[in-house]
Amino acid sequence: MEAVILIHGIWMKSIIMQPMAARLRKAGFQTHCFSYPSVYKTPAQNARLFARFARSVSADKVHFVAHSLGGIVLMHYFHENKETRPGRVVMLGSPVKGSSNAKIINNLPLFRLALGESIEQGLLGDIPAWGNQRQLGMIAGSKSLGVGNLLGRSHAPNDGAVLIEETRIPQLADHITLPVSHSGMLLSAKVSEQIIHFIENGYFLFNP
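Numbering (the working numbering), first residue to last: 14 to 221.
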């Protein structure tokens with residue numbers, strides 16, 4: 014059986030990934046949800062925790078699905094570890110170019126503590142480049158509903174937390190934008206459908 018490891022984003026725990034995990038199990042995948050201290054450790058430190066978790070998953074083929082900061086943790090993981098088992102990767106609203114919202118929050122003394130260690134080679138940028146050969150897909154959201162509105166975000170297309178442009182890197186095998194918000198994509202059946210299609214085929218079902 015093929016396995017999928019799901020990784021949550023900042024300020025969350027693995028339980029938030031359970032609805033998506035349930036849809037993946039229904040599609041025939043074994044699922045494992047990784048939980049980590051998103052603000053108390055750096056993405057690199059959390060990647061080391063993840064490495065131990067990933068090794069505990071017994072499967073010949075392992076896929077990865079990561080939301081938001083989880084995608085950055087995954088980039089550190091692949092930068093430091095040679096994952097020899099085949100599989101594909103899907104990131105969901107991960108600011109792989111760094112987050113402009115995080116930069117705004119980091120400049121506000123009353124709020125910067127909320128980011129904790131996630132900014133170090135993480136949400137502020139300086140993220141390891143994607144050098145892995147496995148296929149990487151990115152799902153971005155275009156429903157601007159979230160913390161970005163409170164910060165007076167720019168009018169550039171975004172999911173309420175992350176700009177669509179912040180999710181694009183040249184190494185992507187495919188990129189798709191869906192009408193979902195940053196958190197809402199975790200509950201979306203359409204997002205899960207696209208994840209399953211990419212895992213099985215290496216490209217998304219459609220690209221509007």
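Honestly, the hints are just simulated from the structure, not real lab data. Treat each hint with caution, since some may be false.
Computed list of lysine-lysine pairs in DSSO-like fashion (alpha-carbon distance at most 30 Å, straight line) [as the list claims (entries may be wrong)]:
| id | residue 1 | residue 2 |
| --- | --- | --- |
| 1 | Lys-203 | Lys-39 |
| 2 | Lys-116 | Lys-74 |
| 3 | Lys-39 | Lys-74 |
| 4 | Lys-26 | Lys-156 |
| 5 | Lys-39 | Lys-110 |
| 6 | Lys-203 | Lys-74 |
| 7 | Lys-54 | Lys-26 |
| 8 | Lys-39 | Lys-156 |
| 9 | Lys-95 | Lys-156 |
| 10 | Lys-110 | Lys-203 |
| 11 | Lys-116 | Lys-39 |
| 12 | Lys-39 | Lys-26 |
| 13 | Lys-116 | Lys-156 |
| 14 | Lys-110 | Lys-156 |
| 15 | Lys-203 | Lys-156 |
| 16 | Lys-74 | Lys-110 |
| 17 | Lys-26 | Lys-203 |
| 18 | Lys-74 | Lys-26 |
| 19 | Lys-74 | Lys-54 |
| 20 | Lys-74 | Lys-156 |
| 21 | Lys-39 | Lys-54 |
| 22 | Lys-110 | Lys-54 |
| 23 | Lys-95 | Lys-74 |
Computed spacing ranges between beta-carbons, pair by pair [claimed, not checked]:
| id | residue 1 | residue 2 | range |
| --- | --- | --- | --- |
| 24 | Gly-144 | Leu-123 | 21 to 27 Å |
| 25 | Gly-144 | Val-52 | 24 to 30 Å |
| 26 | Asn-120 | Ala-142 | 41 to 47 Å |
| 27 | Lys-156 | Lys-110 | 31 to 37 Å |
| 28 | Ala-64 | Gln-31 | 18 to 24 Å |
Heads up, the beta-carbon is just placed ideally off N, CA and C, and yes, glycines get one too.
How the hints compare with the structure:
Of the pairs offered as hints, the one joining Lys-203 and Lys-39 holds, with about 14 Å between alpha carbons and a cut-off of 30 Å not exceeded. Between the alpha carbons of Lys-116 and Lys-74 the distance comes to roughly 37 Å, so the proposed pair goes past 30 Å and is violated. The suggested pairing of Lys-39 with Lys-74 holds, with an alpha-carbon distance near 18 Å, which does not exceed 30 Å. Taken as a hint, the Lys-26 and Lys-156 pair is honoured in the structure, with Cα atoms around 23 Å apart against an allowance of 30 Å.
Pair hint Lys-39 plus Lys-110 does not hold up; C-alpha atoms about 33 Å apart against a cutoff of 30 Å. Between Lys-203 and Lys-74 the CA atoms are separated by roughly 24 Å; this keeps the pair inside 30 Å, and the hint holds. With a CA separation close to 14 Å, the supplied pair Lys-54 and Lys-26 stays within the 30 Å bound. This hinted pair checks out: Lys-39 and Lys-156 have alpha carbons roughly 27 Å apart, not beyond 30 Å.
With a C-alpha separation of about 36 Å, the suggested pair Lys-95 and Lys-156 falls outside the 30 Å cut-off, and the hint is violated. Our distance criterion of 30 Å between C-alpha atoms is met by Lys-110 and Lys-203, whose separation comes to about 25 Å. A C-alpha spacing of about 39 Å is found between Lys-116 and Lys-39, which places the hinted pair above 30 Å, so the restraint is violated. Between Lys-39 and Lys-26 the alpha-carbon distance is near 22 Å, which keeps this suggested pair within the 30 Å criterion.
At most 30 Å may separate the alpha-carbon atoms for a hinted pair to count; Lys-116 and Lys-156 meet this at roughly 21 Å. For the proposed pair Lys-110 and Lys-156, the alpha carbon gap of about 20 Å is at most 30 Å, so the pair holds. For the hint pairing Lys-203 with Lys-156, the CA-to-CA distance comes to about 14 Å; that is within 30 Å, so the pair holds. Taking the CA atoms of Lys-74 and Lys-110, the gap is near 28 Å; set against the 30 Å cutoff, the hint holds.
Proposed proximity of Lys-26 and Lys-203 is supported: the alpha carbons are some 22 Å apart, at most 30 Å. For the given pair, Lys-74 sits about 25 Å from Lys-26 by alpha-carbon distance, which is consistent with the 30 Å threshold. Distance restraint check for Lys-74 and Lys-54: the Cα-Cα separation of roughly 29 Å lies within the 30 Å cut-off, and the hinted pair is therefore satisfied. Restraint check for Lys-74 and Lys-156: the C-alpha separation of about 33 Å exceeds 30 Å, so the hint is violated.
Under the criterion of a C-alpha separation no larger than 30 Å, the hint pairing Lys-39 with Lys-54 is inconsistent with the structure, at around 33 Å. A threshold of 30 Å between alpha carbons decides the hint, and for Lys-110 with Lys-54 the separation of about 20 Å falls inside it, so the pair holds. Between Lys-95 and Lys-74 the CA atoms are separated by roughly 14 Å; this keeps the pair inside 30 Å, and the hint holds. For the pair Gly-144 and Leu-123, the supplied restraint of 21 to 27 Å is violated, since their beta-carbon distance comes to about 38 Å.
Checking the proposed 24 to 30 Å range against Gly-144 and Val-52 shows it holds: the Cβ atoms sit about 27 Å from each other. Judged by the Cβ atoms, the range 41 to 47 Å given for Asn-120 and Ala-142 is violated: they are separated by roughly 26 Å. Restraint check, Lys-156 to Lys-110: a C-beta distance of roughly 20 Å breaks the suggested window 31 to 37 Å. For Ala-64 and Gln-31, the hinted distance range of 18 to 24 Å is satisfied, since their beta carbons lie about 23 Å from each other.
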